[in-house]
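J.: The lines below spell out each chain.
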Amino acid sequence: MAFNIYDFTSFNQSIDKLLYDNLPPFWALIIEMTLIGVAFLLFYALVGLFLVYAERKVCAFIQNRVGPNRVGPYGIFQTFADFIKLLMKEIIHIRKADQFLFNLAPFIVIIASFMAIAAIPFGLGLHAIDFNIGVFYVMAVSSLGVIGILLAGWSSNNKYSLIGAMRSGAQIVSYELSVGMSLVTIVILAGTMQLSEIVEAQRNGWFIFTGHIPAIIAFLIFIIAGTAETNRGPFDLAEAESELTAGFHTEYSGIKFAFFFLAEYMNMFIVASIAATVFLGGWMPLHLGPLLTDLLGNWSLKFNTGVDFIPPFFWYMGKTLLVIFLMMWFKWTFPRLRIDQLLKLEWKYLLPINLFNIILMALIVLMGWHF
Amino acid sequence: MNAIIEYLKELFGGIKTLLTGMKVTGYYFVHPKEITTQQYPENRKTLKMFDRFKGEVSMPHDENNQHKCTACSICEINCPNGSIEVISRQVEKEDGKKKKELDTYIYKLSMCTFCGICIKVCPQDAIVFSQGFEHAVYNKEKLIKTLNKPGSSLKEKVKE
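Those sequence lines, one after another, are chains A and B. In this text, residue positions in the first sequence follow our numbering: the first is 1, and each later residue adds one. In this text, residue positions in the second sequence follow our numbering: the first is 1, and each later residue adds one.
FYI, nobody ran anything at the bench for these hints, they're computed from the structure. Hints should not be assumed to be uniformly reliable.
Said to hold, decoys possible - What follows is a list of derived Cβ distance ranges for each label pair: (1) B/S58 <-> A/I94: 45 to 55 Å; (2) B/E34 <-> A/A81: 25 to 35 Å; (3) B/K157 <-> A/T245: 32 to 42 Å; (4) B/I35 <-> A/F50: 19 to 29 Å; (5) A/R65 <-> B/F53: 14 to 24 Å; (6) B/K48 <-> A/R70: 16 to 26 Å; (7) B/G151 <-> A/N69: 28 to 38 Å; (8) A/P311 <-> B/L19: 45 to 55 Å; (9) A/L363 <-> B/L19: 41 to 51 Å; (10) A/S10 <-> B/G14: 50 to 60 Å; (11) B/K48 <-> A/I36: 53 to 63 Å; (12) B/F53 <-> A/N69: 40 to 50 Å.
Here a beta-carbon is modelled for each residue, glycine too, at the ideal position from N, C-alpha and C.
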């Protein structure tokens with residue numbers, strides 16, 4: 001393969017070598033972990049602030065409004081101002097709450113999303129941990145957040161919080177199945193669970209194109225179930241404002257509320273980036289497959305080398321933002337589901353379709369009917 | 001078999017309605033011209049309120065400084081929070097008849113809830129809602145307004 005200017009592997013290895021040459025292995029490891037942690041924290045904060053702004057703007061345009069437009073040009077500093085306000089807010093002490101669990105809950109939620117983001121490939125070499133069971137790991141870790149939500153609801157000593165948390169529990173237990181099954185569909189096609197290999201396997205066409213019908217069905221199911229898993233509208237029963245004031249985070253204020261708020265947006269980002277990685281090729285540019293190369297000949301090769309010049313990180317972000325926009329579009333279009341409708345949608349529609357879809361995908365892979 | 005057809009019908013019908021909704025919101029998303037928000041302090045010069053806007057109660061006068069109020073005080077009786085006070089005076093006409101005439105029409109904006117009953121009940125259509133909505137003043141006394149202009153008189157009905 002030709003030299004790739006966007007390959008970060010050698011850059012990372014040189015830093016690694018520098019640290020291990022000059023320091024004892026223990027300290028080198030600590031410094032590496034700290035560096036990655038700080039990088040993720042910065043990324044986390046920036047993405048969180050950007051997503052809140054983007055959501056407010058998208059929501060405003062959909063509802064024929066202008067959205068934030070006072071702080072900075074087009075209101076881009078609105079979320080920074082909001083964040084500073086949240087930081088300066090008083091943390092209200094809840095006297096009859098279970099103090100330990102109450103303080104622990106926001107951290108569990110945010111740590112779960114932190115752990116999930118570590119396994120996501122942002123580009124060639126821009127990948128904190130490359131597990132050989134990456135898909136499995138992300139699914140397992142991202143569903144840890146529900147423990148934080150349940151703890152928050154229980155320890156607040158508030159009936160609204162508890163109802164919200166229980167709803168959230170029921171919702172995540174059901175929709176976790178769909179998320180898993182739709183990812184399994186793609187794992188059958190890819191033949192691996194390692195996220196870097198999944199991305200590499202999409203070099204000659206993203207899975208949503210090569211896997212055609214079952215991949216598209218799996219993508220739709222993943223988007224629906226992923227939206228449900230992040231507790232976003234139309235599945236936001238856990239914090240249904242009109243019924244439960246604010247659901248599980250009713251009693252939280254100040255920075256602890258900000259943690260929940262940020263975790264919600266980061267979970268959306270994580271779900272979107274998994275969708276982008278598994279279905280839309282992650283950081284892989286849009287390459288024309290061998291079938292189209294035969295058809296178009298030279299033009300296809302020129303196109304493929306042309307798109308390679310766009311940095312993989314931009315490809316990755318573009319796809320992720322596309323999926324995020326889709327989820328925002330859902331949120332501001334559809335009315336909230338009732339709890340029985342929510343469970344009916346999962347158990348009567350998504351799950352049977354998903355099981356059928358897996359069999360279809362297995363058949364297609366077995367017969368070699370994919371591209 | 002019927003159940004399966006029902007199931008599929010429900011499924012695709014549901015998808016169709018969801019897509020209809022997304023089409024509407026998607027249309028608004030890509031058409032910023034549909035935005036209805038008024039950029040108020042900036043467009044203060046050009047802002048025009050719609051015809052049915054309930055600003056404050058006002059009494060239109062014509063070019064001869066004449067209004068239509070006969071001082072019947074129906075509006076004062078009907079006002080639920082006593083924000084209207086009609087003061088009338090007795091005047092003697094040339095033919096010796098005594099007639100009631102409007103002296104001052106006091107309107108207390110600070111008490112008004114803009115319910116519009118006074119305008120509905122007025123038999124002469126003498127009062128209307130104006131378009132003004134910037135009511136902020138530094139002194140509460142400024143909210144007590146006299147609606148008839150000084151020196152104004154009753155517009156005589158033209159007999160047909």
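J.: Look at each hint and say if it fits the structure.
T.: Taking the hints in turn, this is what the structure says about them:
1. B/S58 <-> A/I94: 45 to 55 Å: For A/I94 against B/S58, whose Cβ atoms are near 53 Å apart, the range 45 to 55 Å holds.
2. B/E34 <-> A/A81: 25 to 35 Å: Holds - the Cβ-Cβ distance for B/E34 and A/A81, about 28 Å, lies within 25 to 35 Å.
3. B/K157 <-> A/T245: 32 to 42 Å: violated, 60 Å
4. B/I35 <-> A/F50: 19 to 29 Å: The hint (19 to 29 Å, Cβ to Cβ) holds, given that B/I35 and A/F50 are roughly 22 Å apart.
5. A/R65 <-> B/F53: 14 to 24 Å: Holds: the Cβ-Cβ distance is about 20 Å, inside 14 to 24 Å.
6. B/K48 <-> A/R70: 16 to 26 Å: Distance hint for B/K48, A/R70 holds at roughly 24 Å.
7. B/G151 <-> A/N69: 28 to 38 Å: violated, 48 Å
8. A/P311 <-> B/L19: 45 to 55 Å: With a Cβ separation near 34 Å, A/P311 and B/L19 fall outside 45 to 55 Å, so the hint is violated.
9. A/L363 <-> B/L19: 41 to 51 Å: violated, 28 Å
10. A/S10 <-> B/G14: 50 to 60 Å: holds, 51 Å
11. B/K48 <-> A/I36: 53 to 63 Å: holds, 58 Å
12. B/F53 <-> A/N69: 40 to 50 Å: violated, 24 Å
Of the numbered hints listed earlier, those contradicted by the structure are 3, 7, 8, 9, 12.
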